[in-house]
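Input sequences plus hints: build the corresponding full structure.
So the chains spell out like this:
There are 2 protein chains.
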Amino acid sequence: MMKNLEEKTIATTQIFSGRIVSLQVDKVELPDGKTSTREIVKHPGAVAIIAITPENKIVLVEQYRKPMERTLVEIPAGKLEKGEDPLITAVRELEEETGYECEKMEYLTGFYTSPGFADELIHVYLATGLNKKENAASLDEDEFVEILEVTREEMEQLMKEQKIYDAKTVYALQYLQLEAAAQSK
Amino acid sequence: MMKNLEEKTIATTQIFSGRIVSLQVDKVELPDGKTSTREIVKHPGAVAIIAITPENKIVLVEQYRKPMERTLVEIPAGKLEKGEDPLITAVRELEEETGYECEKMEYLTGFYTSPGFADELIHVYLATGLNKKENAASLDEDEFVEILEVTREEMEQLMKEQKIYDAKTVYALQYLQLEAAAQSK
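Here the protein sequences line up with chains A and B, keeping their order.
Counting in numbering that gives the first Met the number 0, the first sequence runs from 0 upward without gaps.
Counting in numbering that gives the first Met the number 0, the second sequence runs from 0 upward without gaps.
Check each hint, because a few of them may be wrong.
It does not matter which identical chain is meant; a pair holds if it fits inside one copy or across any two.
In silico lysine-lysine, DSSO-like type, Cα no more than 27 Å apart, as pairs [said to hold, decoys possible]:
{"id": "1", "residue 1": "K41", "residue 2": "K159"}
{"id": "2", "residue 1": "K159", "residue 2": "K2"}
{"id": "3", "residue 1": "K159", "residue 2": "K103"}
{"id": "4", "residue 1": "K41", "residue 2": "K78"}
{"id": "5", "residue 1": "K56", "residue 2": "K103"}
{"id": "6", "residue 1": "K159", "residue 2": "K184"}
{"id": "7", "residue 1": "K41", "residue 2": "K26"}
Treat the hints as calculated values from the structure; they're not laboratory data.
This is the structure we're talking about:
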């Protein structure tokens, strides 16, 4: 980094602390010495899982997303508990949301979802060797989901229809398309 | 959709209304009749631009991201002004952040970044036919960025080093990898 781009914190005002997110406004000193404010949403971070069944289907969940007032079809995902290893979260969320346990849970990548205003970091895993678990752990009591198992082509169609319409699930589809392209060489 | 997954709003409490985001907490009725709360960040939406120079380099910007207290290397992006056509925003943000105008700005896709707690929708464009513009519009006065022009391989290296580490830029890299795979067939 050649330029100094750092924004120094002059003051932090805590606005809200909720069940999932908190919100603060930082007063910052800009690189040119002027001041500005930054609105920052703090989030515990999350995992998302690309889960492939023995029949080579992708496991997706449809759920209502209140910010958009509509359902979206997404790869299974969930928030990190405080101090929890993301791998443990991934195994737990896959079981809770889909009833599957897996033989292999492989870390693929991570990314910040909205770096301009939020610190949410999502860790993406690939789950294979899936087995339906008897007496699987169940969803949180305020979670309601519909499970789908689809081919990659069906997933592409869901994206065209904007039923799949979120960053982690678009990542998953591109990941599977790149895998298919590599295998067809 | 087979199950009813809708969450009806019982009450909305406005917590904060800022320059960029606002925050509200909705009390909702769940599909089973019980109640819960949803913390919702409202955001005006954004555009991001995969900009390719005549030398086939990708234009990236490094900037300080206060939520993470570090810089990230990202594709150029910016918030929608109220009621603005995203295409207009994309042309403006490309010029302001990089000094480039373009002959072609093609819509690629859109996605919600964090559908669990935010309504931010990002529209991604492909800009080609780039020309450095004389007297280009400049950045907002609280924006400081460093411009990079890199090859796809250099972009892959930046992602390995987690300097590239956000959803829209990971999307861009996968888009370019899929394009390369299609051309090598």
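Quick rundown of the hints versus the structure:
1. K41 x K159: This pair counts as between: shortest inter-copy Cα distance 25 Å, intra-copy 32 Å.
2. K159 x K2: between (41 Å within a copy, 22 Å between copies)
3. K159 x K103: between (30 Å within a copy, 23 Å between copies)
4. K41 x K78: both (12 Å within a copy, 20 Å between copies)
5. K56 x K103: Result: close within a single copy only, 16 Å intra versus 38 Å inter.
6. K159 x K184: both (26 Å within a copy, 24 Å between copies)
7. K41 x K26: Result: close both inside a copy and across copies, 16 Å intra and 21 Å inter.
In summary, the structure agrees with every hint in the numbered list given earlier.
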